[in-house]
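J.: Could you put the whole structure together from the sequences, leaning on the hints where they help?
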Amino acid sequence: MNAFRMALVSGAAVIAMQPSLQAAECEGVEITIGSFNPPFIGGPAIAHAKTWEEKSGGSATVVTFPFGELYTKYMTPMATGQHAFDVIQYAPAWQGDFAPFLSEMSEEFRQGQAWEDIAPVYRDRLMVWDGKVVAQTIDGDVHTGTYRRDLFENPDEQAAFREKYGYDLAPPETWDQYYDIAEFFTRPDEQLWGTAEAFVRGGQQFWFFFSHAAAYVNHPDNPGSMFFDPDTMDAQVANAGWLKGLEDYIRSSKHAPPGALGWNSGDIRTAFAGGQVAMNFDWGDTGTIGVDPEQSKVAGNVGFFILPGSKSMFNYRTGEWDEMDEIVHSPFMAYGGWVSSVPTSSPVQDCAWDYVAWYASPENSMADSTTGGTGVNPYRFSHFENIDAWLAGGTFTEVEARNYLDVQLASIEAPNVALDMRLPGYFQYTEVLEIELSKALAGEVEPQAALDAIAAEWNRLTDEFGRDAQLAAYRSSMGLAPE
Numbered sequence: 008m009n010a011f012r013m014a015l016v017s018g019a020a021v022i023a024m025q026p027s028l029q030a031a032e033c034e035g036v037e038i039t040i041g042s043f044n045p046p047f048i049g050g051p052a053i054a055h056a057k058t059w060e061e062k063s064g065g066s067a068t069v070v071t072f073p074f075g076e077l078y079t080k081y082m083t084p085m086a087t088g089q090h091a092f093d094v095i096q097y098a099p100a101w102q103g104d105f106a107p108f109l110s111e112m113s114e115e116f117r118q119g120q121a122w123e124d125i126a127p128v129y130r131d132r133l134m135v136w137d138g139k140v141v142a143q144t145i146d147g148d149v150h151t152g153t154y155r156r157d158l159f160e161n162p163d164e165q166a167a168f169r170e171k172y173g174y175d176l177a178p179p180e181t182w183d184q185y186y187d188i189a190e191f192f193t194r195p196d197e198q199l200w201g202t203a204e205a206f207v208r209g210g211q212q213f214w215f216f217f218s219h220a221a222a223y224v225n226h227p228d229n230p231g232s233m234f235f236d237p238d239t240m241d242a243q244v245a246n247a248g249w250l251k252g253l254e255d256y257i258r259s260s261k262h263a264p265p266g267a268l269g270w271n272s273g274d275i276r277t278a279f280a281g282g283q284v285a286m287n288f289d290w291g292d293t294g295t296i297g298v299d300p301e302q303s304k305v306a307g308n309v310g311f312f313i314l315p316g317s318k319s320m321f322n323y324r325t326g327e328w329d330e331m332d333e334i335v336h337s338p339f340m341a342y343g344g345w346v347s348s349v350p351t352s353s354p355v356q357d358c359a360w361d362y363v364a365w366y367a368s369p370e371n372s373m374a375d376s377t378t379g380g381t382g383v384n385p386y387r388f389s390h391f392e393n394i395d396a397w398l399a400g401g402t403f404t405e406v407e408a409r410n411y412l413d414v415q416l417a418s419i420e421a422p423n424v425a426l427d428m429r430l431p432g433y434f435q436y437t438e439v440l441e442i443e444l445s446k447a448l449a450g451e452v453e454p455q456a457a458l459d460a461i462a463a464e465w466n467r468l469t470d471e472f473g474r475d476a477q478l479a480a481y482r483s484s485m486g487l488a489p490e
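When we follow the numbering used here, the leftmost residue of the sequence shown carries the number 8, and every step to the right adds one.
Hints are computed from structural coordinates only; laboratory data are not their basis. Incorrect hints may have been included.
[Unchecked claim] Per label pair, the in silico range of CB-to-CB distance: (1) 307 with 88: 52 to 60 Å; (2) 115 with 450: 52 to 60 Å; (3) 88 with 435: 44 to 52 Å; (4) 307 with 196: 24 to 32 Å.
The beta-carbon is built from N, C-alpha and C at its ideal position, and this holds for glycine as well.
T.: Below, the structure is given as structure tokens:
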């Protein structure tokens, strides 16, 4: 552990609470919080609202919605100048649309150990829009792999795998290995399948596709070029790297349980915990549920791995595949973790930000991230270092906890970590994406035709929104200097 992190944690102790207002300043103040339907994210929102009331003397009402309704429930009142929420919890990808209506976090909350405790990829990138801190990360999201150690470490399975594929059975380093393993463990007669991913439209589908594509198109020599050409804003989604990603994504569906084309991310967690699949990749929730004996049949036998990478990456500038010296891992910051913001329409912004700080405090977020079913995954250094907190609940074994945290931290600190797309009009861009992805998964259109349709619509949307403005926003979101 380096000196910086040593300063953040001391043994099993969690660092001091994030700064908050004096309770009397919010005495009698009423705030309304918009959130996702419980249990994920909305569950902690409700729990922390109750304790915030106790500490502040204020009153907090949490209103929750299905994920598919959140964007419009927030955007409509903000865009029309109405006050509906004092706090909104949402996807960082929507910041491009929401930013004109969001207040800036006051300096009071942007200092001290609790502020420095937030991993930089969240604090310095996903909480910031156009140079201003307009959000607070309340959940750390990156896709990682989960596998059944009882299968992978079984001597008979290891011998059979080596005989068939010529190398040792182990957590996959590349997507090619991932599919060897998925094929090997697809045994319908044993009610066992190789993997499961979210395939259904509206069920976090496109983030799983993005994770496949990142391995081929997040070229380290061309930062920011995964989704669009950062010089022209031309869509890149139809190039050969994306095609390989989509072909892989479709391939996954062939090694998934029956009915998986209708599954969302919650379904794949249930499948893994139920022992139906040998491995999957997901946000950290598969892990916290999979290790819990009360929710899982495979508890005690769960392992984790960084998202598979590739030695071949498509270079959009040359139009050719580049062979890398070693496997390049591009862990995808899918979704980027839930964030909370305070709209400028709120008449009680200070107290609203105080609630946000309370939700995200080291103590509350530590409890949330170690509890399966909250939807909160680690995003603070103290979350990764405080091993005792992960063991205290009695669900993680020490081996599982250390493996889980090492993989989560290695993923967000990976040199070639891939950021999710954040852009004004994100909702419109991803809507057409999901329509065409669903057609390709169902075999209604060829993969290249689906990607061509997506690229054409993305380019049309970019022109409609204003190419120069979209380019400036895209470069900013990807950490690139203005043109």
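J.: Determine for every hint whether it applies to the structure shown.
T.: Checked hints:
1. Range check, residue 307 to residue 88: about 54 Å between beta-carbon atoms, so the 52 to 60 Å window is met.
2. For residue 115 and residue 450, the hinted distance range of 52 to 60 Å is satisfied, since their beta carbons lie about 55 Å from each other.
3. Range check, residue 88 to residue 435: about 22 Å between beta-carbon atoms, so the 44 to 52 Å window is missed.
4. For residue 307 and residue 196, the hinted distance range of 24 to 32 Å is satisfied, since their beta carbons lie about 26 Å from each other.
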